[in-house]
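S.K.: Read off the chains here:
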Amino acid sequence: DAGVTQSPTHLIKTRGQQVTLRCSPKSGHDTVSWYQQALGQGPQFIFQYYEEEERQRGNFPDRFSGHQFPNYSSELNVNALLLGDSALYLCASLPLEGVNYGYTFGSGTRLTVV
Amino acid sequence: GDSVTQMEGPVTLSEEAFLTINCTYTATGYPSLFWYVQYPGEGLQLLLKATKADDKGSNKGFEATYRKETTSFHLEKGSVQVSDSAVYFCALSVNSNSGYALNFGKGTSLLVTP
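Protein chains in written order, with the working numbering: chain A, 1 to 114; chain P, 1001 to 1114.
Keep in mind that the hints were calculated from the coordinates and are not lab data.
Do not take every clue at face value.
To be verified - Computed beta-carbon distance windows for the label pairs: (1) P/GLU1069 / A/GLU97: 44 to 52 Å; (2) A/PRO61 / P/LYS1056: 35 to 43 Å; (3) A/HIS67 / P/THR1020: 40 to 48 Å; (4) A/GLN18 / P/ASP1055: 39 to 47 Å; (5) A/PHE69 / P/THR1012: 25 to 33 Å; (6) A/ASN71 / P/SER1079: 40 to 48 Å; (7) A/ARG22 / P/LYS1068: 37 to 45 Å; (8) A/GLY28 / P/LYS1068: 28 to 36 Å; (9) P/LYS1056 / A/ALA2: 42 to 50 Å; (10) P/ASN1022 / A/ARG15: 26 to 34 Å; (11) A/THR5 / P/SER1058: 23 to 31 Å.
Bear in mind that the values here come from a model prediction, so they are computed numbers and not experimental data.
Glycine is no exception: its CB is placed at the ideal position from the N, C-alpha and C atoms.
All chains, please: the whole structure from these sequences, using the hints.
M.R.: What follows is the structure, given as C-alpha cells:
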C-alpha cells in the first residue's frame, strides 16, 4: 500500500520564480495538509484541504496557495519565491476518522531558492 | 496560542541507556498529543499518541503519558538502540470544526552510540 507520495523530491528555483509541488495522499485518506520545515526546525503548518476546499490556514502569506483535486491529490504553489522559502515541504494526509489516527507524512520536497 | 516546548538537543546516549525527552505544551482546548520521529532523509513517522488526560501511548518500547496537571508528554525508553538515532518531535492538535493542524516542537536530535 503506497503511502503519501510527493514530487519532485528536489527542486532548485531562482528568487522571484513560482513553484508547484505535488502530493498524492495515502489510499483511503481524504484530508491533505502541507507543512514547511526549515533546516533544524519543526514543521510549520501551511494549510489543510478537505473536500477540495482550504479548511484551515497557518501564518503564511498569500504567496502560498493550494488546491485539492477530486481524487484527493493536492498541489502547493508558491509565488514570488524568496530565499527564505528554502525548506523541506512536507505533505501529510489523514483518514476519514480524523487526527487521532495520526497523519501519514510523505518524504518531502526539498526546495532551494537561489 | 497553542504551542509545544521540548528539550534542546542533541542528546547523545550509549546503547542500552535510558532515554527521556521532555515535552510540555500550552493549549486553549483539549489537545491530542503525539510523538513523531524523523530518520535522516525521510518524512515524519507517527511514533505514539494520546488523546486524553492520563492516557499512555506506547510503541516500539517508547512510552509517553499525557499529564494534564503538568501539561507534559515526556517520551521515555528503557533501553535505546543505535537504530533509535533520529530526530524526535512532540506535537499537539486541538480538534476543531475548522481543521486538525499539528503544532510541532523544534525537535530533539538523538544519537545513540555503540
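S.K.: Against this structure, judge whether each hint is valid.
M.R.: A quick look at each hint next to the structure:
1. Distance hint check: the CB atoms of P/GLU1069 and A/GLU97 are about 29 Å apart, inconsistent with the given range 44 to 52 Å.
2. Restraint check, A/PRO61 to P/LYS1056: a C-beta distance of roughly 40 Å satisfies the suggested window 35 to 43 Å.
3. Checked against the hint of 40 to 48 Å, the pair A/HIS67 and P/THR1020 passes, with Cβ atoms roughly 43 Å apart.
4. Restraint check, A/GLN18 to P/ASP1055: a C-beta distance of roughly 44 Å satisfies the suggested window 39 to 47 Å.
5. Between A/PHE69 and P/THR1012 the C-beta distance comes to about 45 Å, which lies outside the given range of 25 to 33 Å.
6. For A/ASN71 and P/SER1079, the Cβ-Cβ distance of about 44 Å falls inside the hinted range of 40 to 48 Å, so the restraint holds.
7. Restraint check, A/ARG22 to P/LYS1068: a C-beta distance of roughly 40 Å satisfies the suggested window 37 to 45 Å.
8. As the Cβ distance of A/GLY28 to P/LYS1068 is approximately 32 Å, the hint placing it in 28 to 36 Å holds.
9. Separated by about 32 Å at the C-beta atoms, P/LYS1056 and A/ALA2 break the suggested range of 42 to 50 Å.
10. Our hint of 26 to 34 Å for P/ASN1022 and A/ARG15 is violated, since their Cβ atoms are close to 39 Å apart.
11. Range check, A/THR5 to P/SER1058: about 29 Å between beta-carbon atoms, so the 23 to 31 Å window is met.
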